[in-house]
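Asker: Given next are the chains, with one letter for each unit.
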Amino acid sequence: MSFSTRLHREGIGWALPVLVIAGWEAASRAGVMPANVLPAPSAVAEAFWRLTLSGELIRNIGVSTARALAGFAIGGSIGFALGLANGLSRLSRGLTDTTLQMIRNIPHLALIPLVILWFGIDEEAKLFLVALGVFFPIYVNTLLGIQSVDPQLVEMGRVYGMDRRALFFRVILPGALPAIFVGLRYALGIMWLTLIVAETISASSGLGYMAMQAREFLLIDVVVLSILIYALLGKLADSLARLLERLSLGWHPAFQNA
Amino acid sequence: MPAASLAAVRSFVATPPALPAEQFIERPRAFAFKGVGKNFGDKVVLDGIDLEVPVGQFVAVIGKSGCGKSTLLRLLAGLDRPTAGSLTFRAEEKRGGEEQDHSRTRFMFQEPRLLPWASVVKNVEVGLTGIASGTDARQRALDMLAEVGLADRADEWPSVLSGGQKQRVALARALVGHPRILALDEPLGALDALTRIEMQQLLERIWLAQKFTAVLVTHDVAEAVALADRVVVISAGKIALDLDVPVQRPRRRGSAELARLEGTILDRLFG
Numbered sequence: 001m002s003f004s005t006r007l008h009r010e011g012i013g014w015a016l017p018v019l020v021i022a023g024w025e026a027a028s029r030a031g032v033m034p035a036n037v038l039p040a041p042s043a044v045a046e047a048f049w050r051l052t053l054s055g056e057l058i059r060n061i062g063v064s065t066a067r068a069l070a071g072f073a074i075g076g077s078i079g080f081a082l083g084l085a086n087g088l089s090r091l092s093r094g095l096t097d098t099t100l101q102m103i104r105n106i107p108h109l110a111l112i113p114l115v116i117l118w119f120g121i122d123e124e125a126k127l128f129l130v131a132l133g134v135f136f137p138i139y140v141n142t143l144l145g146i147q148s149v150d151p152q153l154v155e156m157g158r159v160y161g162m163d164r165r166a167l168f169f170r171v172i173l174p175g176a177l178p179a180i181f182v183g184l185r186y187a188l189g190i191m192w193l194t195l196i197v198a199e200t201i202s203a204s205s206g207l208g209y210m211a212m213q214a215r216e217f218l219l220i221d222v223v224v225l226s227i228l229i230y231a232l233l234g235k236l237a238d239s240l241a242r243l244l245e246r247l248s249l250g251w252h253p254a255f256q257n258a
Numbered sequence: 259m260p261a262a263s264l265a266a267v268r269s270f271v272a273t274p275p276a277l278p279a280e281q282f283i284e285r286p287r288a289f290a291f292k293g294v295g296k297n298f299g300d301k302v303v304l305d306g307i308d309l310e311v312p313v314g315q316f317v318a319v320i321g322k323s324g325c326g327k328s329t330l331l332r333l334l335a336g337l338d339r340p341t342a343g344s345l346t347f348r349a350e351e352k353r354g355g356e357e358q359d360h361s362r363t364r365f366m367f368q369e370p371r372l373l374p375w376a377s378v379v380k381n382v383e384v385g386l387t388g389i390a391s392g393t394d395a396r397q398r399a400l401d402m403l404a405e406v407g408l409a410d411r412a413d414e415w416p417s418v419l420s421g422g423q424k425q426r427v428a429l430a431r432a433l434v435g436h437p438r439i440l441a442l443d444e445p446l447g448a449l450d451a452l453t454r455i456e457m458q459q460l461l462e463r464i465w466l467a468q469k470f471t472a473v474l475v476t477h478d479v480a481e482a483v484a485l486a487d488r489v490v491v492i493s494a495g496k497i498a499l500d501l502d503v504p505v506q507r508p509r510r511r512g513s514a515e516l517a518r519l520e521g522t523i524l525d526r527l528f529g
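Same order as they appear, the protein sequences are chains A and B.
Each step along the first sequence adds one to the number in this note's numbering, with nothing skipped, and position 91 is 91.
For this note's numbering, count along the second sequence from 1 and bump the result up by 258.
Excised from the complex, chain A in its bound form:
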C-alpha cells in the first residue's frame, strides 16, 4: 500500500469528525447553540490552550495514562496467562473456568462502592477496576484463540518432531494471535471506560477528576475538552493496537493488500 493511498484512506476516516466540528462552530456563532449547553469548538480550543499553558492538562493526561497502562498491564497479563493456561491444560480449565465465568458476569463497575470501601480513593482502587475490566476480554479471547487453533496443524507439528516449546511458539501462539488481538482492542476500550468512570467518582487527579472539577465550577468548555481528549486517547490506543496487528499478522489474508 503506497503512502498516498494510505493517507487517502485515513483522510476519509477523519472527514466526518472535521465536518461535525465545522457545523458545530457555525451553529455556535449563529447563536443556535447556547454556550451554556455546548461551547463553540473555538472556546474548547481556548480552554485547551489555557490548560496546556498552566500545565494542568498535561499533568492530568499523564496521571490518567499511567493509571490506564498500569491497570492494563496487570489485568492484561493475568488474563493472558490464565487464557494460555486454560487453553493448554484441561486441568487448569476445569479448576478455574467456572469461577471466572461467574465473576465475568458481574459488571465490574458495580464493584465501585466496594472498591472505595476497600481502597479508599487511592491509586489501588483505580488500578483494581481497570485491571478487572481489562482482564476478561483478554482472558476470553486468548482462551478462544488457543482452542480454535487448527488441530491438524498441531498434529503436523507433532509428526515433524516439534517439542512442546516449539509447538507452542511456532503453531499454537501464532494461531491464537488473531483472536488475542481482538481481545486486546476490546480491552483497550474497556480500559479507558473504566478509568474515566473511576476517576469521575473518586479521584484527586486525572482527566476524570478534571472534568468533575470543571462541572463544579460550570466550566463547560473544560468538560467538553475532557470528553474530546478521551476520544482522542481511545483512538490513539486503537491505532497502536491495529499497527501491532498489521505488523504481526502480515500472513493473514485479511491483512494482505488491505
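Hints were generated in silico from the structure; no laboratory data involved.
Just to be clear, a hint being listed does not mean it is correct.
[To be verified] Derived contacts from chain A toward chain B, CB cut-off under 8 Å, selection only:
#1 Val-159
#2 Pro-174
#3 Trp-251
[What the hints assert, rightly or not] With a cut-off of at most 25 Å between alpha-carbon atoms, the simulated SDA-like pairs for lysine to any residue come out as follows:
#4 Lys-380/B with Met-162/A
#5 Lys-380/B with Gly-161/A
#6 Lys-380/B with Ala-110/A
#7 Lys-380/B with Pro-178/A
All figures in this text were calculated on a predicted structure; none of them were measured in a lab.
Every residue, glycine too, gets a C-beta built ideally from N, C-alpha and C.
Let chain A serve as the given structure and place chain B on it in line with the hints.
Answerer: Below, chain B alone, put in the same frame as chain A:
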C-alpha cells in the same frame, strides 16, 4: 497452472534405471508389520496385517473408504499404536540408539497443512526440526524448494499459492530431512487431474533420486499402478491382494500393461 511450468516439471523426469521387482528381495527390510491389528473400541479396523517392505520400494496401498488403509499409514508413522502384533523397522536404526523407530518416517497429509503464518521456506524448514537450524536449515530448505520448482516463491505466504503449489511445499517439507520412509496419505486426492499427473511425475522423480521407501495410500488405481513397484489392496482390515508391478520406468500412462494390472486390482476390489 501455466503450460510453461507443466513443461518444466515434465523435463525433470529423467530416465530412471529399471528395477525388476525380484531385486528388492535382496535388499534389507525398511519395515515389517507382523500380525498387526488395530481396534477402535469394538470396531476392528485392521486385523492380522503382515507386510514386509524392502528399502527403497514404492508401495501403493489401495482400498475403499473405511477399509483401514489410512490407519495402516498412521501406525507406520507412529501417529497411532497397534493394538495387536508388532511393527519393526530397519535394524541399524535401532542399534544406533540415536533414532527412534519413527524418527526418519515423514508423513504427507491429504491437506497441505502449511503454517499460514510462516513463509514458504520457513514451512519447509519445519521438516528439519531437530535436524538442522539457522542458515544451514534455510539453505537446505531453499535447495529442496528448487527441487519442487518453487525456488522463486520462498518468501511468500502460503495463502497466495495454488492448491498444487501448496502440496509441493508440503512435499518439500516432508523430504527436506531425507527421510528413510515417506508415508503419503492421499496427498494428491484434492488436486485437479492435470496438476495431479504433474505431482505424480515430480514425486516419482524425487523418489528415484533420493531412494527413500515410499508408502502411498490412494483410492486412485491408475495412480497406484503408474507410480508403485507393488500394490497392496486392503479390504475389511486385511490384505486382499499383494501385487508386484513389474513395469519398466518411465511408464507410459494408459499402456496395455498398466491397464491390465489396473483391471486385476479393480476386479479384486469389486469382484
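Asker: Could you run down the list of hints and mark each one as holding or not?
Answerer: Going through the hints against the structure:
Nearest Cβ of chain B to the Cβ of Val-159/A: about 5 Å, under the 8 Å cut. The hint holds. Given hint, Pro-174/A at the interface with chain B, holds; its Cβ is 4 Å from that chain's nearest Cβ, closer than 8 Å. Interface hint status for Trp-251/A: upheld, as the beta-carbon distance to the closest one in chain B is roughly 4 Å, under 8 Å. For the proposed pair Lys-380/B and Met-162/A, the alpha carbon gap of about 14 Å is at most 25 Å, so the pair holds.
A C-alpha spacing of about 15 Å is found between Lys-380/B and Gly-161/A, which places the hinted pair at or below 25 Å, so the restraint holds. At most 25 Å may separate the alpha-carbon atoms for a hinted pair to count; Lys-380/B and Ala-110/A exceed this at roughly 49 Å. With a C-alpha separation of about 20 Å, the suggested pairing of Lys-380/B with Pro-178/A holds against the 25 Å cut-off.
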